[in-house]
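Peer 1: Each protein sequence line maps, in turn, to chains C and X.
Per the working numbering, residue 1 is the first one in the first sequence, and the count goes up by one each step.
Per the working numbering, residue 1 is the first one in the second sequence, and the count goes up by one each step.
The hints are simulated quantities; they were obtained by calculation from the structure and are not laboratory data.
It is possible that some hints are incorrect.
[As the list claims (entries may be wrong)] Between beta-carbon pairs, the in silico distance windows are:
(1) X:Asp-310 to C:Trp-44: 23 to 33 Å
(2) C:Phe-54 to X:Phe-20: 39 to 49 Å
(3) X:His-242 to C:Thr-27: 19 to 29 Å
(4) X:Ala-13 to C:Phe-54: 40 to 50 Å
(5) C:Ala-23 to X:Trp-159: 34 to 44 Å
(6) C:Pro-10 to X:Val-86: 24 to 34 Å
(7) C:Thr-27 to X:Arg-337: 46 to 56 Å
(8) X:Asn-10 to C:Thr-27: 35 to 45 Å
[Claimed, not checked] Derived list of chain C stretches under chain X, where covered just means 3 residues or more per stretch with a C-beta under 8 Å from a C-beta of chain X:
(9) 11–17
(10) 25–38
(11) 41–52
(12) 66–77
[Said to hold, decoys possible] Straight-line C-alpha distance at most 27 Å; calculated BS3-like pairs for lysine-lysine:
(13) C:Lys-9 to X:Lys-152
(14) X:Lys-238 to X:Lys-83
(15) X:Lys-307 to C:Lys-7
(16) X:Lys-343 to C:Lys-9
(17) X:Lys-76 to C:Lys-9
(18) C:Lys-8 to X:Lys-152
(19) X:Lys-76 to X:Lys-152
(20) C:Lys-8 to X:Lys-238
Treat the numbers as computed from the prediction; the structure is a model and nothing was measured.
We put the beta carbon where it would ideally sit given N, CA and C, even for glycine.
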Amino acid sequence: MASSTTKKKPVAAMIVMGIVSIALYATLLLKQDMINSTFAQGGWFALLPIVTAFVFSYFHGGFTGHFWTVLGVEAARKKREVK
Amino acid sequence: MHDIATSFINLDAITILYLFGVGFVGGLVSGFIGSGGAFVLTPGMMSLGVPGLMAVASNMCHKFPKALVGAMKRFKYGQVDVKLGVILGISAEAGVLYGAGIQEKIKATYGDAGSNLYVSVAFVVILATVGGFVLYDAWKTYRSGNANSEEKAGKLALWVQSINIPGTMVHFKALNARVSVLFTIPLGFATGMMAATIAVGGFVGVPSMIYVLGAPSLMASATELVIAFVMGLGGSLKYAMHGMVDIRLAMIILAGSLFGIQLGAIGTTYVKPFMIKVVMGLIMVIVLFSRGLMVPVYLSQLGVIDKLGDTTVKLLKNGSFAIMIFALLLGAFIVLRAMWQGKQAEKLQHASGALEHGEV
Numbered sequence: 001m002a003s004s005t006t007k008k009k010p011v012a013a014m015i016v017m018g019i020v021s022i023a024l025y026a027t028l029l030l031k032q033d034m035i036n037s038t039f040a041q042g043g044w045f046a047l048l049p050i051v052t053a054f055v056f057s058y059f060h061g062g063f064t065g066h067f068w069t070v071l072g073v074e075a076a077r078k079k080r081e082v083k
Numbered sequence: 001m002h003d004i005a006t007s008f009i010n011l012d013a014i015t016i017l018y019l020f021g022v023g024f025v026g027g028l029v030s031g032f033i034g035s036g037g038a039f040v041l042t043p044g045m046m047s048l049g050v051p052g053l054m055a056v057a058s059n060m061c062h063k064f065p066k067a068l069v070g071a072m073k074r075f076k077y078g079q080v081d082v083k084l085g086v087i088l089g090i091s092a093e094a095g096v097l098y099g100a101g102i103q104e105k106i107k108a109t110y111g112d113a114g115s116n117l118y119v120s121v122a123f124v125v126i127l128a129t130v131g132g133f134v135l136y137d138a139w140k141t142y143r144s145g146n147a148n149s150e151e152k153a154g155k156l157a158l159w160v161q162s163i164n165i166p167g168t169m170v171h172f173k174a175l176n177a178r179v180s181v182l183f184t185i186p187l188g189f190a191t192g193m194m195a196a197t198i199a200v201g202g203f204v205g206v207p208s209m210i211y212v213l214g215a216p217s218l219m220a221s222a223t224e225l226v227i228a229f230v231m232g233l234g235g236s237l238k239y240a241m242h243g244m245v246d247i248r249l250a251m252i253i254l255a256g257s258l259f260g261i262q263l264g265a266i267g268t269t270y271v272k273p274f275m276i277k278v279v280m281g282l283i284m285v286i287v288l289f290s291r292g293l294m295v296p297v298y299l300s301q302l303g304v305i306d307k308l309g310d311t312t313v314k315l316l317k318n319g320s321f322a323i324m325i326f327a328l329l330l331g332a333f334i335v336l337r338a339m340w341q342g343k344q345a346e347k348l349q350h351a352s353g354a355l356e357h358g359e360v
């Protein structure tokens, strides 16, 4: 992966996203009783799990993406673009 | 909602690790073939004591954010046709609602065993025909020695692309052709019905994009992620309105699956396109045996055949679940192996290129 050695790896971004991600999961598990009882009310409260999923996917998705890049696991240099 | 709130399971470290692990493997396969994982995750959650509907709802709530991340990743590789995905996704949403309605009717008339039998028979019939065909096609490509060449639309797809119905024609990037939405709507609908019935719409969605519409395998599997996002978002909202989503389960599975889906998506850039068909076909055919094992159990519960002993039922159930896990692990193994080989080949190519240019 010569390109990965020449390109700057997103270590800082990975750490920031990772910390936010851990904070989100810690909150979810530490406050699970309150979260479960609120989210289970249905109706307009249905928006809460949806918004939660988007927020988690943004931060944790960003973290996992950077995680593999930092490890050097990246797409093939000649991307297989399909025409 | 009191009864639902009290049905939330207790989470311990082992349960969290189990959900994370299954999520990772499911995500890896989804990132590669566009779907998968749900057929193990839903029964997997139920085996932990999660009620069936809550397991389906929680699985769906992890699916749409996972599919979104996967679709965005593969969009960067030029593999996603957003327009095709959204159009198929909307009709798939209708299919989900219709499929769920059929499920409810069957459940009301024949009970849980009848509903389970319907799901298993649908699994066996669809996976045998579609999965068998996909695998056969992959084998044919491998044998022909054309595994590296660009995929061409088949006869059926060329016919579909040749039909011009004024006022319904849409140009799709994945097909590089105009196709009538009157063809895409039933395909999306069938994908949604499958998602509502066997939880894996992609087993119909991806092959139909390849064989009926003429999309290349890589584009079909990537576009399936858009369909999964649209379907999953609508489905999650519907279940959440009844308070059925256990957000803890959904987010823990998501934690593992986002690691997996990124890796699976990266994997598609290293492999020959027919590998998508190999992985999908293999998983479909193996899962078919898993569901087939359960058919006698449901037939016995319905009184169609003699009652099976408790030990036999337990054996069949465990065997069925083990085969499903094996299918997912095998898929993940093939993806990782193909990725590793692709990476090694790239390194070799790079080294020989450097030698030719006198850099070494």
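Peer 1: Each hint: holds or not?
Peer 2: Structure-based check of each hint:
1. X:Asp-310 to C:Trp-44: 23 to 33 Å: violated (45 Å)
2. C:Phe-54 to X:Phe-20: 39 to 49 Å: For Phe-54 (chain C) and Phe-20 (chain X) the Cβ distance comes to about 20 Å; the hint is violated.
3. X:His-242 to C:Thr-27: 19 to 29 Å: For His-242 (chain X) and Thr-27 (chain C) the Cβ distance comes to about 25 Å; the hint holds.
4. X:Ala-13 to C:Phe-54: 40 to 50 Å: At roughly 27 Å between Cβ atoms, Phe-54 (chain C) and Ala-13 (chain X) fall outside 40 to 50 Å, so the hint is violated.
5. C:Ala-23 to X:Trp-159: 34 to 44 Å: Distance hint for Ala-23 (chain C), Trp-159 (chain X) is violated at roughly 55 Å.
6. C:Pro-10 to X:Val-86: 24 to 34 Å: holds (30 Å)
7. C:Thr-27 to X:Arg-337: 46 to 56 Å: violated (38 Å)
8. X:Asn-10 to C:Thr-27: 35 to 45 Å: violated (18 Å)
9. 11–17: Violated: only 0 residues of the segment 11–17 of chain C have a Cβ under 8 Å from chain X.
10. 25–38: Held - the segment 25–38 of chain C has 7 residues with a Cβ nearer than 8 Å to chain X, which meets the minimum of three.
11. 41–52: holds (count 10)
12. 66–77: That given contact holds, which follows from 7 residues of the segment 66–77 of chain C lying within Cβ reach (below 8 Å) of chain X.
13. C:Lys-9 to X:Lys-152: Given pair Lys-9 (chain C), Lys-152 (chain X) is violated - Cα atoms ~38 Å apart, limit 27 Å.
14. X:Lys-238 to X:Lys-83: OK: Lys-238 (chain X) and Lys-83 (chain X) at ~24 Å, within 27 Å.
15. X:Lys-307 to C:Lys-7: violated (65 Å)
16. X:Lys-343 to C:Lys-9: holds (19 Å)
17. X:Lys-76 to C:Lys-9: Given pair Lys-76 (chain X), Lys-9 (chain C) holds - Cα atoms ~18 Å apart, limit 27 Å.
18. C:Lys-8 to X:Lys-152: violated (39 Å)
19. X:Lys-76 to X:Lys-152: holds (23 Å)
20. C:Lys-8 to X:Lys-238: violated (43 Å)
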